[in-house]
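*Asks:* Now for the letters of each chain:
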Amino acid sequence: MLTREEIKEIEEEIKQYPSPAVACIDALKIIQHHRGWVSDESVKDIAEFLDISNEDVDGIATFYSRIYRKPVGRNVILLCDNVTCMIMGYQSLFEYISRKLGINFGGTTPDGRFTLLPISCLGDCDNAPVLMINTDHYNRLTIEKIDELLESYK
Amino acid sequence: MERPLTKHIKPGSSAYNLEEYKQVGGYAGVNKALKNMTPGEVTNLVKASNLLGRGGAGFPTGVKWSLIPMDGDKSRLKYLVCNADEMEPGTFKDRYLLEGNPQQLIEGMIISAYAIQAEKAYIFLRWAYKKAESGLRKAIDEAYKAGYLGKNILGSGFNLDLYVHSSAGRYICGEETALLNSLEGKRAIPRTKPPFPAISGLFGRPTVVNNVETLSWISHIVENGADWFKGLSLTGTGGTKLFGVSGKVKNPGTWELPLGITMRELLEEHAGGMTSGHKFRGALPGGASTDFLIEEHLDVKMDFSTVAAVGSRLGTGTMIVLDDKTCPVAFVHNVEKFFALESCGWCTPCREGLPWVEKMLVSIEEGTGKMEYLDLLAFNAKYMGPGNTFCAHAPGAAEPLQSGLKYFHDDFVKHISDKKCPWR
Numbered sequence: 566m567l568t569r570e571e572i573k574e575i576e577e578e579i580k581q582y583p584s585p586a587v588a589c590i591d592a593l594k595i596i597q598h599h600r601g602w603v604s605d606e607s608v609k610d611i612a613e614f615l616d617i618s619n620e621d622v623d624g625i626a627t628f629y630s631r632i633y634r635k636p637v638g639r640n641v642i643l644l645c646d647n648v649t650c651m652i653m654g655y656q657s658l659f660e661y662i663s664r665k666l667g668i669n670f671g672g673t674t675p676d677g678r679f680t681l682l683p684i685s686c687l688g689d690c691d692n693a694p695v696l697m698i699n700t701d702h703y704n705r706l707t708i709e710k711i712d713e714l715l716e717s718y719k
Numbered sequence: 018m019e020r021p022l023t024k025h026i027k028p029g030s031s032a033y034n035l036e037e038y039k040q041v042g043g044y045a046g047v048n049k050a051l052k053n054m055t056p057g058e059v060t061n062l063v064k065a066s067n068l069l070g071r072g073g074a075g076f077p078t079g080v081k082w083s084l085i086p087m088d089g090d091k092s093r094l095k096y097l098v099c100n101a102d103e104m105e106p107g108t109f110k111d112r113y114l115l116e117g118n119p120q121q122l123i124e125g126m127i128i129s130a131y132a133i134q135a136e137k138a139y140i141f142l143r144w145a146y147k148k149a150e151s152g153l154r155k156a157i158d159e160a161y162k163a164g165y166l167g168k169n170i171l172g173s174g175f176n177l178d179l180y181v182h183s184s185a186g187r188y189i190c191g192e193e194t195a196l197l198n199s200l201e202g203k204r205a206i207p208r209t210k211p212p213f214p215a216i217s218g219l220f221g222r223p224t225v226v227n228n229v230e231t232l233s234w235i236s237h238i239v240e241n242g243a244d245w246f247k248g249l250s251l252t253g254t255g256g257t258k259l260f261g262v263s264g265k266v267k268n269p270g271t272w273e274l275p276l277g278i279t280m281r282e283l284l285e286e287h288a289g290g291m292t293s294g295h296k297f298r299g300a301l302p303g304g305a306s307t308d309f310l311i312e313e314h315l316d317v318k319m320d321f322s323t324v325a326a327v328g329s330r331l332g333t334g335t336m337i338v339l340d341d342k343t344c345p346v347a348f349v350h351n352v353e354k355f356f357a358l359e360s361c362g363w364c365t366p367c368r369e370g371l372p373w374v375e376k377m378l379v380s381i382e383e384g385t386g387k388m389e390y391l392d393l394l395a396f397n398a399k400y401m402g403p404g405n406t407f408c409a410h411a412p413g414a415a416e417p418l419q420s421g422l423k424y425f426h427d428d429f430v431k432h433i434s435d436k437k438c439p440w441r
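So the protein lines, in turn, are chains A and B. Per our numbering, residue 566 is the first one in the first sequence, and the count goes up by one each step. Per our numbering, residue 18 is the first one in the second sequence, and the count goes up by one each step.
It is worth saying that the hints were derived from the structure and are not from the lab. Just so it is clear, CB atoms sit at the ideal spot from N, CA and C, and this is done for glycine as well. Please note that a few of the clues may not be correct.
Said to hold, decoys possible - Dumping the calculated DSS-like pairs for lysine-lysine here, alpha-carbon to alpha-carbon at most 27 Å:
| hint | chain 1 | residue 1 | chain 2 | residue 2 |
| --- | --- | --- | --- | --- |
| 1 | B | 148 | A | 710 |
| 2 | B | 64 | A | 580 |
| 3 | B | 148 | A | 580 |
| 4 | B | 162 | A | 580 |
| 5 | B | 162 | A | 573 |
| 6 | A | 719 | B | 148 |
| 7 | B | 155 | A | 580 |
| 8 | A | 580 | B | 168 |
| 9 | B | 148 | A | 573 |
| 10 | B | 147 | A | 580 |
Said to hold, decoys possible - If you want the footprint, here are the derived chain B segments under chain A, 3+ residues with CB under 8 Å:
| hint | region |
| --- | --- |
| 11 | 95-106 |
| 12 | 179-190 |
Unchecked claim - Derived coverage of chain B by chain A (criterion: at least 3 residues anywhere in the stretch with Cβ under 8 Å from a Cβ of chain A; other residues may be distant):
| hint | region |
| --- | --- |
| 13 | 201-210 |
| 14 | 255-269 |
| 15 | 348-362 |
Generate the whole structure from the sequences, applying the supplied hints.
*Replies:* Put into structure tokens, the structure is as follows:
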């Protein structure tokens, strides 16, 4: 079931479009914002609310890399693995974070605190290497900065 | 040297609000266009300026606009879309403009929408650009309050609503027609062309899609004219360009410079040359989807036609440098992996070719590659090339691959014959 707040937010998005179905991606983002990810049940709820098929909603949800169809941790680390960050030392950052948290790309720590994912170029290549945690952007990273950075996300 | 696009951007401090922007001459372009020019005159001026699209393809902006039907039928909705889905690896120029001067973009969009008589406009923004998003939303609010957006702008009778759409990821959204599908709430699959968006674009209506940097130029061209714009470049093409350099250079960054400066000037004078202990081996001059250029090309002028003449593309103008401490096979592999991951899966050469290419490159890099892979890689590069796919994704992926195979042939061979990567 969509909550009253979710419905209100989705309806707000529908206003700028010629038909409700157009708001599908927005609806997925709204659900994810509130629940952390998009479950099968949420896919059905969105489909019903926007009057489109479950398959269409799922096709859209699985297409976009920033829609999660599996549960993720409370904090999602998005580490850029593209070419400039590779040149500037992404590999050692990855190894350090992966070892520290005991997870690989795609993994979530057992306490549900962090999920680690790769991300394509974040458009800050003159300050590489870069990563995002949730919606916060960090650049010019070194291994020394990682401990303190992760500490601020509970 | 004039820097019209970036002169009001102060790195480290916040962007001008509307009032500050007006104090330095902002919105004079909107005033001039909406009060003293017809839509056709604006389009003709932009055509005369020869402003080439700054998103990477370099298509003439005024020509794109002139394809929009202008039959005066008010009921025919038209759209202007700003492509702010910057995601080309190695590219960080639109972020600079979006964060640094959102009012300049909005002003450019108002004039552009007026030129094609579109009453709805969208900014399709990369989801990750959070600072840009909040800055744009604030700037749009200010523009509504000041009467530059909304109904009957400056008493001209022209109406415009402007929305920000934050994306949900995927590089393919930067492809013009995939972007339109995404904006319609669908999977971002490129469309067959024709019909081109100018005839049937967003929601089946005439639509213009322009890049952030392109639209940021419009107010300056309206205020200062086509000849002024042409005079800014060293080559006569028109305008300055945001250039960038990343990789092992002393001073990576982005700078507004005249079109036509040499690759050497960009690399040595602006980026400060290579980091000590590193030698230049080559560079992708305009993002990941452009062909490598090497030392012999350092004196090439950075402009659309001059870079094309030596077998690459100016692309986004942001260069990724390959140094001698970085393995060229690993470099090419990283780029191809990106393209394989970001393929939308719609056409065969891209969906099947890219993962195949990626696997062969991994195996060469790890020392298990075979000599026959070199021919297979070249075959795939050709098969993914122009004419075999709906969009430019696979042809773009083919560019660093084919040129990497050509310029770093000996390195590929050495990986295979020595059964290991010499850089590991």
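*Asks:* All the hints need checking, so say for each whether the structure fits it.
*Replies:* Tested hints:
1. Under the criterion of a C-alpha separation no larger than 27 Å, the hint pairing residue 148 (chain B) with residue 710 (chain A) is consistent with the structure, at around 22 Å.
2. For the hint linking residue 64 (chain B) to residue 580 (chain A), the alpha-carbon distance of about 35 Å lies beyond 27 Å, and the restraint is violated.
3. Our distance criterion of 27 Å between C-alpha atoms is met by residue 148 (chain B) and residue 580 (chain A), whose separation comes to about 25 Å.
4. With a C-alpha separation of about 20 Å, the suggested pairing of residue 162 (chain B) with residue 580 (chain A) holds against the 27 Å cut-off.
5. Pair hint residue 162 (chain B) plus residue 573 (chain A) holds up; C-alpha atoms about 25 Å apart against a cutoff of 27 Å.
6. A threshold of 27 Å between alpha carbons decides the hint, and for residue 719 (chain A) with residue 148 (chain B) the separation of about 23 Å falls inside it, so the pair holds.
7. For a cut-off of 27 Å, the pair hint linking residue 155 (chain B) to residue 580 (chain A) stands: about 19 Å separates their Cα positions.
8. Of the pairs offered as hints, the one joining residue 580 (chain A) and residue 168 (chain B) holds, with about 17 Å between alpha carbons and a cut-off of 27 Å not exceeded.
9. About 25 Å separates the Cα atoms of residue 148 (chain B) and residue 573 (chain A), which keeps this hinted pair within 27 Å; it holds.
10. With a CA separation close to 23 Å, the supplied pair residue 147 (chain B) and residue 580 (chain A) stays within the 27 Å bound.
11. Counting residues of the region 95-106 of chain B whose C-beta lies closer than 8 Å to any C-beta of chain A gives 4; at least three are required, and the coverage claim holds.
12. Remark: the region 179-190 of chain B is confirmed as covered by chain A, as 7 of its residues place a Cβ nearer than 8 Å to a Cβ of that chain, reaching the required three.
13. Coverage of the region 201-210 of chain B by chain A holds in this model, with 5 residues showing a Cβ closer than 8 Å to a Cβ of that chain against a need of three.
14. Counting residues of the region 255-269 of chain B whose C-beta sits closer than 8 Å to any C-beta of chain A gives 6, which meets the bar of three, so the coverage hint holds.
15. Check result for the region 348-362 of chain B against chain A: holds, 7 residues qualifying (beta carbon to beta carbon below 8 Å, three or more required).
The structure shown violates just one earlier hint, number 2.
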